[in-house]
Amino acid sequence: MFENLTTRLGAVFDKLTRRGALSEGDVDTALREVRVALLEADVALPVVKDFLASVRDKAVGQDVLKSVTPGQMVIKVVHDHLVEMLGGASVPINLAANPPVPIFMVGLQGSGKTTTTAKLGLWLSQRQKKKVLMASLDVRRPAAQEQLAVLGVQASVATLSIVPGEPPVAIAKRAIQTGLLEAYDVVLLDSAGRLHIDDAMMAEAEAVHAAVQPIETLLVADAMTGQDAVNVAQSFHARLRLTGIVLTRVDGDARGGAALSMRSVTGCPIKLIGSGEKLDALEVFHPDRIAGRILGMGDVVSLVEKASETIEEEDAKRLAAKIEKGQFDLDDMAKQFRQMRKMGGLEGLLGMLPGVAKVKKQLAQANVDENMLKRHEAIISSMTKGERKRPEIIKASRRQRIASGSGTSVQEVNRLLKQFFETQKMMKRVTKLGQKGLMRAGLPGMGGGGRPPGFPMR
Amino acid sequence: MASDGEKRGFFGRLKAGLSRSSSRLTQGISGIFTGRKLDQAMLDELEELLIAADLGPATAATVAKEFGRTRFGKDIGETEVREALAEEIAKILAPVAVPLSIDPARKPHVVLVVGVNGTGKTTTIGKLAKQLRDEGRMVMLCAGDTFRAAAIEQLKIWGERTGAAVIAREPGSSAAGLVYDAMVEAKAKGADVLVIDTAGRLHNKADLMAELDKVIRVIRKLDPEAPHSTLLTLDATTGQNAHAQVEIFQKTAPITGLIVTKLDGTARGGVLVALADRFKMPVNAIGVGEGVDDLRPFDPKDFARGLMGLED
Ligand SMILES: Nc1nc2c(ncn2[C@@H]2O[C@H](COP(=O)(O)OP(=O)(O)O)[C@@H](O)[C@H]2O)c(=O)[nH]1
Ligand SMILES: [Mg+2]
Numbered sequence: 001m002f003e004n005l006t007t008r009l010g011a012v013f014d015k016l017t018r019r020g021a022l023s024e025g026d027v028d029t030a031l032r033e034v035r036v037a038l039l040e041a042d043v044a045l046p047v048v049k050d051f052l053a054s055v056r057d058k059a060v061g062q063d064v065l066k067s068v069t070p071g072q073m074v075i076k077v078v079h080d081h082l083v084e085m086l087g088g089a090s091v092p093i094n095l096a097a098n099p100p101v102p103i104f105m106v107g108l109q110g111s112g113k114t115t116t117t118a119k120l121g122l123w124l125s126q127r128q129k130k131k132v133l134m135a136s137l138d139v140r141r142p143a144a145q146e147q148l149a150v151l152g153v154q155a156s157v158a159t160l161s162i163v164p165g166e167p168p169v170a171i172a173k174r175a176i177q178t179g180l181l182e183a184y185d186v187v188l189l190d191s192a193g194r195l196h197i198d199d200a201m202m203a204e205a206e207a208v209h210a211a212v213q214p215i216e217t218l219l220v221a222d223a224m225t226g227q228d229a230v231n232v233a234q235s236f237h238a239r240l241r242l243t244g245i246v247l248t249r250v251d252g253d254a255r256g257g258a259a260l261s262m263r264s265v266t267g268c269p270i271k272l273i274g275s276g277e278k279l280d281a282l283e284v285f286h287p288d289r290i291a292g293r294i295l296g297m298g299d300v301v302s303l304v305e306k307a308s309e310t311i312e313e314e315d316a317k318r319l320a321a322k323i324e325k326g327q328f329d330l331d332d333m334a335k336q337f338r339q340m341r342k343m344g345g346l347e348g349l350l351g352m353l354p355g356v357a358k359v360k361k362q363l364a365q366a367n368v369d370e371n372m373l374k375r376h377e378a379i380i381s382s383m384t385k386g387e388r389k390r391p392e393i394i395k396a397s398r399r400q401r402i403a404s405g406s407g408t409s410v411q412e413v414n415r416l417l418k419q420f421f422e423t424q425k426m427m428k429r430v431t432k433l434g435q436k437g438l439m440r441a442g443l444p445g446m447g448g449g450g451r452p453p454g455f456p457m458r
Numbered sequence: 001m002a003s004d005g006e007k008r009g010f011f012g013r014l015k016a017g018l019s020r021s022s023s024r025l026t027q028g029i030s031g032i033f034t035g036r037k038l039d040q041a042m043l044d045e046l047e048e049l050l051i052a053a054d055l056g057p058a059t060a061a062t063v064a065k066e067f068g069r070t071r072f073g074k075d076i077g078e079t080e081v082r083e084a085l086a087e088e089i090a091k092i093l094a095p096v097a098v099p100l101s102i103d104p105a106r107k108p109h110v111v112l113v114v115g116v117n118g119t120g121k122t123t124t125i126g127k128l129a130k131q132l133r134d135e136g137r138m139v140m141l142c143a144g145d146t147f148r149a150a151a152i153e154q155l156k157i158w159g160e161r162t163g164a165a166v167i168a169r170e171p172g173s174s175a176a177g178l179v180y181d182a183m184v185e186a187k188a189k190g191a192d193v194l195v196i197d198t199a200g201r202l203h204n205k206a207d208l209m210a211e212l213d214k215v216i217r218v219i220r221k222l223d224p225e226a227p228h229s230t231l232l233t234l235d236a237t238t239g240q241n242a243h244a245q246v247e248i249f250q251k252t253a254p255i256t257g258l259i260v261t262k263l264d265g266t267a268r269g270g271v272l273v274a275l276a277d278r279f280k281m282p283v284n285a286i287g288v289g290e291g292v293d294d295l296r297p298f299d300p301k302d303f304a305r306g307l308m309g310l311e312d
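Those protein sequence lines, which keep their order, are chains A and B. Each step along the first sequence adds one to the number in our numbering, with nothing skipped, and position 422 is 422. Each step along the second sequence adds one to the number in our numbering, with nothing skipped, and position 48 is 48.
Chain B with its partners taken away, still in its complex shape:
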């Protein structure tokens, strides 16, 4: 878990939120529904629901306990409990729901995409290219994953699908060298956005993180303010290791936002609740499929309802 100071931030806000809304809630609900009283058994169930959604045992326990503190013994139905808690979690997530913003003054606005292998970097870039193209921007993609077999090919296909030019080199060539070329070319062509793909890497591999650092230094050589956006892809299926991923990636890369992928599955991505608080990291978008249109804005309310097992 986060340090005490960090914890206080989140749970402090949660507490404030709860007490603000609790009177309204109890007045509103207890009159209408003849539910049972909020007891320990219900709170335990709630806590288990949160754990099963990957919030992590510590966060789940604190959230459930705090929820119980303000409402214990009140008449409340089971669904209402979930609804109310979803609402509170949505409030906590609201500040991190920030869409990716492209600065039109930059030519190009450089977006660097990083993350662990298979988390969805290349696919996300494809989807993102589609959105940016639909907005009428000139988009260039840089096939910076020169390591994984056929990764360049994969990005080229996304380039074709979306009408974005792809800058690539031979497999196995230096990513930093390629990125340099891509920066120069994107500038020369007056591209609005340059999206740079990178090889997947485990955050605990120092050599691979050093390689990423090198790529960033090369980018800065050509534009000291770039990358203007650095996105970290997180697979929603990932459990508590997401903490380490964010923590360590942001030490090397100036992460400006998260993309949570694969939320079309049954994994709920609950670790995000703790992450949102601990790192105050914006969630720029979510991935809900493999198709070109499957990148969506992060909606805290929908996400929180999903966590609580509530369908819309």
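This is chain A alone, in the form it adopts within the complex:
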């Protein structure tokens, strides 16, 4: 139901002629579309306004890269700024304190606190080898404490015994006490969901905070949250001095604008994201992934960016000409491999595009990975110049020499050559379809299937 920004801006910029730098007019026209995209992604209105004002300053007068359209250029500027505002590099959970390190989980009802607490418990105990104790301070929702206890068993993480009728602050203190006595590294405190305007409940959270002095106070928030995200984050931050945000249900299809809203009004980093119901579905936050999603276009931006950095237009033209003349040789193939590696390998390249999970899987099965690309490059560089130009002369003895020269096997050399001849054949076929057809037919050497759309190679 949402048009993606690339399409939208495409339409806007079709009207504009190419020019050297982005004018105020270009930028304003484009930013109107960006505004709608951000609002549809649930970025809160005041945050959208600030964002547009600052990105406008950045965009006006920017030179448009040779290989991209003005529309793509604006997207790139917007995207870069968005990534920056989302917080650049990821910030780990802070454990730099005397054990047991108290971590306090807070948030609205139903935001996913309990599940996230258990996930974090599992994360810290498995990945960081910490001895973790979890305690639920939720004496409000029926069976909430039992829920954490069950999850504790599933994650093999200890939970504090449940004492019926014990109030939250007392539970928190007992958890820390137990943590001290039993030498736990970390104590995770799950809490009842509460509305940020529920004064009594917020006061209760403040009392817990005062009692245990948490090193981390993490706001757990749903990725589907709408405009209210700013109010929620602001209120929780004002009363509990948040240190980070955990965004849950990122495995849903919400655009996740709340991430930007909450990050902007609190200044707190988004530390982790929840990406599934299973307890190991907790991940480090990558701003660029969420940025592409908020803008509604996968990671096409980084693709444009990387491609514009790594592929030189002239090179591409030369290659195209060679292919047309049927002169594609092993040198060209090696160049393609290098290109692909520079762009983060196939995985990286494909990972940036929406809807390629299936292709990725197939590739994984076909064992196309970076190491393979490297080995193929090595094989080609062990050939003589003549061999590279005229691969058909490479017979058995030469294959043996190339294999030992590149530290690979004859089988691998055979495979590479077979792939090359197939590619050559395919290219001849494709050339008949003309330039466009070539671009769609796939990366040379990979047996087809996968030149990303919009790949700026002309």
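Hints may contain errors.
[Unchecked claim] Derived DSS-like pairs: lysine-lysine, alpha-carbon spacing no greater than 27 Å straight-line:
#1 Lys374(A) with Lys418(A)
#2 Lys129(A) with Lys278(A)
#3 Lys278(A) with Lys221(B)
#4 Lys74(B) with Lys107(B)
#5 Lys418(A) with Lys385(A)
#6 Lys374(A) with Lys425(A)
#7 Lys389(A) with Lys418(A)
#8 Lys173(A) with Lys129(A)
#9 Lys107(B) with Lys65(B)
#10 Lys156(B) with Lys278(A)
#11 Lys395(A) with Lys418(A)
#12 Lys418(A) with Lys428(A)
#13 Lys425(A) with Lys325(A)
#14 Lys251(B) with Lys278(A)
#15 Lys49(A) with Lys65(B)
#16 Lys91(B) with Lys49(A)
#17 Lys278(A) with Lys214(B)
#18 Lys425(A) with Lys395(A)
Everything labelled a hint here was simulated from the structure, so no lab data went into it.
Please arrange chain B with the ligands on chain A, whose structure you already have, making use of the hints.
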């Protein structure tokens, strides 16, 4: 946004409503209040108010524009503008304000409750059980969320609170199998209403939606007309993703009504305005708290005033 055809429905009605009431309104108000003229700045503010209430940029823009079209340049105070727009929105929502109705001829009337994780299914069932019990009905609850830890326990506590029998199995057992048993038992005991809880699921997970489909097929095996009511819980805090939730859930489940929960917070649930039009889906009730009495009828007027930031 909805397709053009769907849009026309809503905005067509809005337009009709506006022109009907505009003369009355301007006559009534401009004489009494010495407000400023309705200008672009005021309309922009109005639009922003709507966006901040989660109506979504497209709906907010159209509503504000349409409002301006009929009243631009008229003398009108700021509060009056909001009042008038709230009234118009309330009119649009009025047709979807339909309470849940239980058919006493069914024994049991089967209510299936579905929705995304944490949106308030189980709590809503607890509150609903209380209402139905207060009406003197025999209510049974089925603890169909066999997945989430302690979800069964949670529903059992609501059963105790409200005097409704809870049919449950071991955690991790098949929801469809349990639902079958529950249908049989509710029938045998002559229950008036059977309310079936389900595990929360994200609508974009095909496997989980298939599981829901299976539950519905099992219900129909025993009563081809059941579930007689299928409720989708929507969290008022949710933004534009509510569109996808309704759209996709209704493909699998025969949704008959929405329950908007957590309206006791500051989220206004404005996405409902677009949803009401796009899906013509009744809003059966709203949740305004975690207590047993916190399920309320959906009052379009109150809701619309809330959207416009008007207190009662
Ligand atoms: N403030 C408020 N909280 C609610 C409301 N409805 C449900 N909740 C809370 O939201 C959380 C999730 O509810 P639950 O019924 O367990 O959701 P489920 O996963 O869909 O069954 C719980 O903490 C409930 O107490 C409501 O109308 N207002
Ligand atoms: Mg539940």
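To see whether the hints hold, each was checked on the structure:
1. With a CA separation close to 17 Å, the supplied pair Lys374(A) and Lys418(A) stays within the 27 Å bound.
2. Between the alpha carbons of Lys129(A) and Lys278(A) the distance comes to roughly 20 Å, so the proposed pair stays at or under 27 Å and holds.
3. Pair hint Lys278(A) plus Lys221(B) does not hold up; C-alpha atoms about 32 Å apart against a cutoff of 27 Å.
4. A distance of roughly 58 Å separates the Cα atoms of Lys74(B) and Lys107(B); the hinted pair therefore is violated under the 27 Å criterion.
5. At most 27 Å may separate the alpha-carbon atoms for a hinted pair to count; Lys418(A) and Lys385(A) meet this at roughly 19 Å.
6. Simply put, Lys374(A) and Lys425(A) have alpha-carbon atoms about 23 Å apart, close enough for the 27 Å limit, and the pair holds.
7. For the given pair, Lys389(A) sits about 15 Å from Lys418(A) by alpha-carbon distance, which is consistent with the 27 Å threshold.
8. At roughly 24 Å between alpha-carbon atoms, Lys173(A) and Lys129(A) fall within 27 Å of each other, so this suggested pair holds.
9. Proximity of Lys107(B) to Lys65(B) is assessed by CA-CA distance (about 50 Å); at most 27 Å being required, the pair is judged violated.
10. Between the alpha carbons of Lys156(B) and Lys278(A) the distance comes to roughly 24 Å, so the proposed pair stays at or under 27 Å and holds.
11. As the CA atoms of Lys395(A) and Lys418(A) are separated by approximately 12 Å, the hinted pair is consistent with the 27 Å bound.
12. The suggested pairing of Lys418(A) with Lys428(A) holds, with an alpha-carbon distance near 16 Å, which does not exceed 27 Å.
13. Restraint check: the Cα-Cα separation between Lys425(A) and Lys325(A) comes to about 13 Å, which is no more than 27 Å; the hinted pair holds.
14. Annotation: proposed proximity of Lys251(B) to Lys278(A) holds, straight-line Cα distance about 26 Å (limit 27 Å).
15. Only pairs whose Cα atoms come within 27 Å are accepted, and Lys49(A) paired with Lys65(B) is accepted, the gap being roughly 20 Å.
16. Proposed proximity of Lys91(B) and Lys49(A) is contradicted: the alpha carbons are some 31 Å apart, above 27 Å.
17. For the hint linking Lys278(A) to Lys214(B), the alpha-carbon distance of about 22 Å falls within 27 Å, and the restraint holds.
18. A hinted pair counts as satisfied when its Cα atoms are at most 27 Å apart, and Lys425(A) with Lys395(A) qualifies at roughly 19 Å.
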